[in-house]
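Produce the entire structure from the sequences given, and follow the hints as far as they go.
Counting in full-length UniProt numbering, the sequence shown runs from 1 upward without gaps.
Since the hints were made in silico from the structure, they are not lab data. Just so you know, these numbers come straight off a predicted model, no measurement behind them. Accuracy of the hints is not assured; some may be wrong.
[Said to hold, decoys possible] Simulated restraints, written as ranges between beta carbons of each label pair: (1) Glu158 <-> Asp183: 42 to 48 Å; (2) Glu135 <-> Glu158: 31 to 37 Å; (3) Glu194 <-> Gln12: 16 to 22 Å; (4) Ser8 <-> Asp74: 29 to 35 Å; (5) Ala205 <-> Gly79: 32 to 38 Å; (6) Glu158 <-> Arg116: 29 to 35 Å; (7) Arg125 <-> Ala92: 34 to 40 Å; (8) Asp181 <-> Glu154: 34 to 40 Å.
Cβ atoms here follow ideal geometry from the backbone N, Cα and C, with glycine treated the same way.
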Amino acid sequence: MTSYDGSSLQAQTVGVIFRGGQGRRLGGVDKGMLRVGGATLLERTASRLAPQCATLAISGGPAERGGLEVVPDDAPGEGPLRALLGVMRWAASQTGARFLLTSPVDTPFLPLDLGRRLHGVLCDRPAGSAVAASEGRLHHLNALFALSVLPLLEDLVEAKGERRVGALHAALGSVPVPFGDGDSDPFMNVNTPEDLARAEARARAAGPVVTS
1 MTSYDGSSLQ AQTVGVIFRG GQGRRLGGVD KGMLRVGGAT LLERTASRLA PQCATLAISG
61 GPAERGGLEV VPDDAPGEGP LRALLGVMRW AASQTGARFL LTSPVDTPFL PLDLGRRLHG
121 VLCDRPAGSA VAASEGRLHH LNALFALSVL PLLEDLVEAK GERRVGALHA ALGSVPVPFG
181 DGDSDPFMNV NTPEDLARAE ARARAAGPVV TS
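Following this line, the structure appears as structure tokens:
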């Protein structure tokens, strides 16, 4: 068993927010630029993820992303696992990086202890990744990956043509980590106008976001 050292592990962790596709049920908009409670979804997600990692970037999209480095999606439209492959290759090139912490852009209420709890599980289990779970389901892109799994990911995508992030978690035997024991799902995302209205109400109750 590896002892848990939160500050050391945070310094070895790169965070990436996945921009994702256009919100078709929201009129084809860039979901990251939607505003809830006076801040964009990107600003809210970044404000919660940034303190949990040494460096934070965004996958895909225009370069103007609130100061975040942009990791280009070199194969748009080929599925989330291909995008994750590009992100993991980029993360592996970062000095001192050993872990990748990920999130979709439309999860503005992420737990502030997401990275700590996922790291804690990986310290105790012989697995290459840990994945958040709530309300009976896994959130495949709210996850922590050891960068040592890159060769396996390359094989899944390039040799086997896999496109699903869930297939990577299955291959790795990812450890699920449950979150949320109240009325609000910390991983609620925004896919419909109704979701947006719920997020607006919740964001207003949570208060303003401090962005750099």
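Distance restraint hint 29 to 35 Å, applied to the beta-carbon atoms of Glu158 and Arg116: Since Glu158 and Arg116 have Cβ atoms about 33 Å apart, the given range 29 to 35 Å holds.
Whether the CB-CB distance between Asp181 and Glu154 falls inside 34 to 40 Å: 37 Å, holds
I want to verify a distance hint. Is the separation of the beta carbons of Glu158 and Asp183 within 42 to 48 Å? 43 Å Cβ-Cβ, so the 42 to 48 Å window holds.
Cβ-Cβ distance between Ala205 and Gly79: within 32 to 38 Å? 36 Å, holds
That 29 to 35 Å hint for Ser8 and Asp74 (C-beta), does it hold up? 32 Å, holds
Range first: 34 to 40 Å. Now tell me if the beta carbons of Arg125 and Ala92 are that far apart. This hint is violated: roughly 22 Å between Cβ atoms.
Could one say that the CB atoms of Glu194 and Gln12 fall in the range 16 to 22 Å? 39 Å, violated
Is it true that Glu135 and Glu158 lie within 31 to 37 Å of each other by Cβ? 34 Å, holds
The structure fails hints 3 and 7 (numbered hints given earlier, in ascending order).
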